[in-house]
Amino acid sequence: MPGDILQGFLQAVQPSSLTATALGSLLGIVFGMIPGMTISSGIIIVLPLTFVLDPDISIALLLGLYVGGMLGGSFSAILLNIPGTPSAAATALDGHPLVARGEAGRALGVSVLASFAGGLFSCLCLFLIAPSLADIALGFQAVDLFSLVFLGLTIICSFAAQSWVKGLLSALIGLAIVTVGQDPIMGSARFTFGEPNLLAGVNFLTALIGLFAIPQLIRNLGTSPGDLMAGATAPMIPFKSLLPKLSDLRRIRLPVSIGAAVGSFLGMLPGAGGPIAAFISYDYTRKTSRDPEEFGQGAVEGIAAPESANNAVTGGALIPMMTLGIPGDPVTAILIGALLVHGLAPGPLLFIERPDFAYGVIFSFFWANIFNLVIAFAGLRLLVKVLAAPRAILMPIIAILCVIGAYALRNSLFDIHVMLFFGILGLAMRWLEMPVVPLLLALVLGRQLEENLRIALTGSQGDISVFFTSPFSMLFLGLSVVSVAWSLISARRERSKSSPAS
Amino acid sequence: MNMAQRNIIAGTVLLMVAIGYGILTANLPDRSLPDTPGPAFLPTLITIGLLVLSVALLVGGVIDARRESEGTDGHGVPTRGWIALAGFTVYVTLLPSLGFVAASVLFFAGLMWLYGERNKILIGLTSILVPVVLFYLFTAGFQILLPRSPL
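Protein chains in written order, with the working numbering: chain A, 1 to 502; chain B, 1 to 151.
The hints are simulated quantities; they were obtained by calculation from the structure and are not laboratory data.
If a hint is listed, it holds; no wrong ones were tucked in.
With a cut-off of at most 20 angstroms between alpha-carbon atoms, the simulated SDA-like pairs for lysine to any residue come out as follows: (1) Lys120/B x Pro390/A; (2) Lys385/A x Gly102/A; (3) Lys120/B x Ile397/A; (4) Lys245/A x Leu373/A; (5) Lys120/B x Ile393/A.
This is chain A alone, in the form it adopts within the complex (with noise of 0.2 angstroms):
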């Protein structure tokens, strides 16, 4: 095991790893920044170039993307009041006021420290569980392993809280489009309506990139110029205001451990997601602040807490993701598929057949978050400008390049196609308010939730017992309860405080 950390250690440190992560966090607090484009799409784009990198580079460049988009989405929220990612909304609360005051250096200079502190936190989790966690999991059989898959789908229940019935219709959609190919088993061709394109399924990322990208470039033709171009605004940071001073560092120590310790663990929990644990840590931090009341008005600590958090989310996802395979957020979703394509599926087996990858992943994750502090500290006065970058130009890149990244998978013109479907599948989902995410989970877990309920069901000649006589499925269905009640409280929750004020 030493030997293999140390292989690890080599890996992520070589040239053309340190150069991926380093790219790959610049590209990601750019993506970040901008409102409008979230990390998912981010990964979408430079995805046609992860496929010709070794397997090590590619998921190094992937990772930097992952924590550098994270901190990226809070430079928009602070300096304009809009989250680039979803993630930095509870940022803009306390970072956007600070602005105003004419402190936007103090602001961005605490969200960088803070990310890079709940991010280093949630990278030593990723290293101290991830392995061991992983050595239990070798031991699973068919029926712990639907179990499993089957908790994975609960995080449909977080993205269904408006509507049950939606959020369930777009699993099925997702899983339907899951039983087209070859079935995993018998090898049975179903629903192909002979054509030989569709024999392997519907690839994944095809469908990933029409699913988001698409919706996302014609959402964008709907806002005005005007408010494209909103970060032409941008004020000029002198470098020294970044640099936080003494008394801040002394303020903020306590909500970025709190994040830090939120994050991580939210963000080993499917579905919870960097949002929640941003607002959850920012509510706590509130609560046990001796100035309660001077949050929402530029606190320090009300920026570092979230951004504490939604950055130690990224390490805690990667657990879930490595070890069992199953993705704790959308991002992990796409990292799965990224690394299926290499021929790699993340599962407990990636550390006994590839440790010195497994462990190379963990230490670009360390990586990353170094790059992502050195790059924003020293590039901000210049990464700010991407604000004010003309999206005439920019959006039709990104429609080119999803374009080549849905070709490219297999060098096929009816991968395209399947592509464009996928966008006027998204446009009518959004059309209705139907969360995308299920049918995206379904896309991920559906073959592995098929195969190993008909091995396990075909053991036990039919007998659905099976699934509550193993100890380890019974803990996965009891979770599985646990996932479904808690999202049906929060929603209840939800609804209750809304309701007083409308």
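Guided by the hints, dock chain B onto chain A, whose structure is given.
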């Protein structure tokens, strides 16, 4: 169009999809062993789920439609979006015959105009430069063979 009306349309469409999917599922070849789930097992469960939920969406929409009289199409596609979508379809259709560069130049210029750029020189230069650079970057740099014009 209010949400209730949208739900009625979606419920009807999804109900038809569920029925079609169910018919295809019923016609799948059964190659399973006795007492074991075959290729039609999961699709059957999905069909049942789709039927129940699409009916629920439809009925919910009909009930809500009696209460809601007006509404706004909050997430509707803007007119420029429909044009872009049509452009995307034409671009994808023309890609095999025109090749990546020529088709992308036209598509890129159209999108720039839709995003509000009116400087014809800038549109002309950028829409030629970007597809050419991307073409050579991916074909020569990354060995991804993008479609070429057969002409």
